[in-house]
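Visitor: Following the hints, complete the assembly by docking chains U and Y onto the known chain H.
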Amino acid sequence: MYHAVTFALIVTMALALLRAVLGPSVYDRVLAVNMFGTKTVLLLAVITFLLGRPDFLDLALAYALINFIGVLAVLEFFRSRAKQTQSGANGNR
Amino acid sequence: MTIVFGVFLLTLMLITAFAIVRTPNLFVAVMLTGIFSLLLASNFFLLDAADVALTEAAIGAGISTVLFLGALALTAERETAPSSNRFIALVVVSVTILAVVYATFDKPRFADPAAPVHQHIAPWYLETTRDAIDIPNVVTAVLGSFRGYDTLGEVFVVYTAGIGVLFLLGKNTGRRRDKPDDAARGLRHYLIPRMVGRMLIPFILLFGFYVQFHGEYGPGGGFQAGAIVAAAIILYALLEGENRALKVLPRGLLTGLIAGGALLYGAVGVVGILLGGNFLDYSVLSSDPVLGQQLGILLIEAGVGITVTGVLLSIFHAFAARGRF
Amino acid sequence: MLETLLDVLSWLLLSVGGLFVFVGGLGALRMPDLYTRMHAASVTDSIAPILIIGGIMLQAGLSLASIKLAAILLFLLLTGPTASNALASAALLAGKNPDQARPLDEESTQ
Numbered sequence: 008m009y010h011a012v013t014f015a016l017i018v019t020m021a022l023a024l025l026r027a028v029l030g031p032s033v034y035d036r037v038l039a040v041n042m043f044g045t046k047t048v049l050l051l052a053v054i055t056f057l058l059g060r061p062d063f064l065d066l067a068l069a070y071a072l073i074n075f076i077g078v079l080a081v082l083e084f085f086r087s088r089a090k091q092t093q094s095g096a097n098g099n100r
Numbered sequence: 003m004t005i006v007f008g009v010f011l012l013t014l015m016l017i018t019a020f021a022i023v024r025t026p027n028l029f030v031a032v033m034l035t036g037i038f039s040l041l042l043a044s045n046f047f048l049l050d051a052a053d054v055a056l057t058e059a060a061i062g063a064g065i066s067t068v069l070f071l072g073a074l075a076l077t078a079e080r081e082t083a084p085s086s087n088r089f090i091a092l093v094v095v096s097v098t099i100l101a102v103v104y105a106t107f108d109k110p111r112f113a114d115p116a117a118p119v120h121q122h123i124a125p126w127y128l129e130t131t132r133d134a135i136d137i138p139n140v141v142t143a144v145l146g147s148f149r150g151y152d153t154l155g156e157v158f159v160v161y162t163a164g165i166g167v168l169f170l171l172g173k174n175t176g177r178r179r180d181k182p183d184d185a186a187r188g189l190r191h192y193l194i195p196r197m198v199g200r201m202l203i204p205f206i207l208l209f210g211f212y213v214q215f216h217g218e219y220g221p222g223g224g225f226q227a228g229a230i231v232a233a234a235i236i237l238y239a240l241l242e243g244e245n246r247a248l249k250v251l252p253r254g255l256l257t258g259l260i261a262g263g264a265l266l267y268g269a270v271g272v273v274g275i276l277l278g279g280n281f282l283d284y285s286v287l288s289s290d291p292v293l294g295q296q297l298g299i300l301l302i303e304a305g306v307g308i309t310v311t312g313v314l315l316s317i318f319h320a321f322a323a324r325g326r327f
Numbered sequence: 005m006l007e008t009l010l011d012v013l014s015w016l017l018l019s020v021g022g023l024f025v026f027v028g029g030l031g032a033l034r035m036p037d038l039y040t041r042m043h044a045a046s047v048t049d050s051i052a053p054i055l056i057i058g059g060i061m062l063q064a065g066l067s068l069a070s071i072k073l074a075a076i077l078l079f080l081l082l083t084g085p086t087a088s089n090a091l092a093s094a095a096l097l098a099g100k101n102p103d104q105a106r107p108l109d110e111e112s113t114q
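For the protein sequence lines, the chains are H, U and Y, in the order given.
First residue of the first sequence? That's 8 in this note's numbering, and the numbers climb one at a time after it.
First residue of the second sequence? That's 3 in this note's numbering, and the numbers climb one at a time after it.
First residue of the third sequence? That's 5 in this note's numbering, and the numbers climb one at a time after it.
So here's chain H without its partners, still in its complex pose (with noise of 0.2 Å):
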């Protein structure tokens, strides 16, 4: 039963990598990995009820944890680079 939605989720996951190779603009790779971040989650949790070890979910919950701050990291390093060069343009402040 948890082969299908396996499935789908390891070829959305090869979809999202896709994207991440692809996307022109950095905010597109960014929305790739989070995405490929929360099908992870799925992924995990799926596998671990296919493989039948109901204890392993505990990846699955670190992971749902910790995918959001790489995401914010990413966003705070766009926003103290946008500051640089905005602070460089407008001469030392």
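You may find that some hints are simply not true.
[Said to hold, decoys possible] With the Cβ distance kept under 10 Å, some of the chain Y side facing chain U (calculated, not the full set):
1. ALA75
2. PHE79
3. LEU82
4. THR83
5. PRO85
6. THR86
7. ALA87
8. ASN89
9. ALA90
10. SER93
11. ALA94
[What the hints assert, rightly or not] Computed footprint of chain H on chain U, listed as stretches where at least three residues anywhere in the stretch have a Cβ under 8 Å from a Cβ of chain H:
12. 15 to 23
13. 52 to 59
14. 70 to 78
15. 199 to 207
Bear in mind the hints are in silico, worked out from the structure with no lab data behind them.
Remember, predicted model here, so these are calculated numbers, not experimental data.
In this text, a Cβ means the ideal position worked out from N, Cα and C, and glycines have one as well.
Guide: Just chains U and Y now, kept in the frame of chain H:
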């Protein structure tokens, strides 16, 4: 059927690795490295290696991305032109690949019950864990008790990496001009992530401690827990500004954590000697040897977690103070 | 009898969830612009976990695993839209105009 999924994931990893190598934009490479770590973690999970998968997901996909971005903020975003003499490198790598592939022909198949490792050492570990240590997670038993000396070496590797980075980047790099907390100033656009982050941070910390102490019963342990707790503090630093994070856990405390964890581990070993056993012999830590083993594993995992947290946070602050991350 | 009903229901939820996942991935790949891609990805990222984890929870019954699954669902639903919001506002602040139909190139980030 899991073999098919595994092969599919490995193919995706191959594509990702190829894309990482070929792209000249380092930011793209960092993003793809995060995806690579996730694929690797999923693969480990398919192979039933839950502890390794948890470590890979927590450290490789979470913390490493943040640290790479911190490093990228200090340097250029495009890679410099590669050196010209790459033909020799290509030959060396190809020969190595062929040698490794040839070597895999002799390996036993995955989960083959007749493999040598399943005849001698693995049954012994399984039985001795049940008799002498009595915890369900044999991986933690092997890591903490049977191969405790190796794990001591690993903690010291992490410790050395931490002080190495601190030597290179400096502990208190330039009195940082007291930048106002930008995230707290009028940027209303970031209100929602801040609020959600504030709700999440206690849960991440709680989960980190759960993983730390639950390592004997399920996937978990010191390395993973250290990464998760560090991730929570890094989230706080990203949302509320680095200065506030430094007020919560000042640099001196972080240095103390780095050394304290390794010291705790070594101290458990020395206490074993003082109580009459060998170095890192946990059976003498309590009147009941089984309880002593469990106590010993608990203490050394705590030491590992403390050191890993301290190191990851120190490296993050070292990067963040240096640039304008 | 109840078991079969639960199995069928769970199979249904998982299949529809998988379908949404695939549609989201296809949308993220084929949509013409950054914001339309974000729309495809984030909307399906909210509905798919509900369906998939709901389907798994029916299989797990009343146990610790169900509580953990509920926690996973809660965190996914909490962090998914937030990340999309943060991404969209960052893109908007950086000047990616949603009116343009063509995706912008990377030079504007440097």
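Visitor: Would you mind marking each hint as holding or not holding in the structure?
Guide: Going through the hints against the structure:
1. ALA75: Holds, because the Cβ-Cβ distance from Y:ALA75 to chain U comes to roughly 8 Å (cut-off 10 Å).
2. PHE79: holds, 7 Å
3. LEU82: holds, 6 Å
4. THR83: Holds, about 7 Å.
5. PRO85: holds, 9 Å
6. THR86: Interface hint status for Y:THR86: holds (4 Å vs cutoff 10 Å).
7. ALA87: holds, 8 Å
8. ASN89: Hint holds; Y:ASN89 Cβ to chain U Cβ min 5 Å, cut 10 Å.
9. ALA90: With a closest approach of 5 Å, the Y:ALA90 hint holds.
10. SER93: holds, 4 Å
11. ALA94: Holds: closest Cβ of chain U sits about 8 Å from Y:ALA94, inside 10 Å.
12. 15 to 23: holds (count 3)
13. 52 to 59: holds (count 4)
14. 70 to 78: Three-residue rule met by the segment 70 to 78 of chain U, so holds; n is 3.
15. 199 to 207: holds (count 4)
Hint compliance for this structure: no hint is broken.
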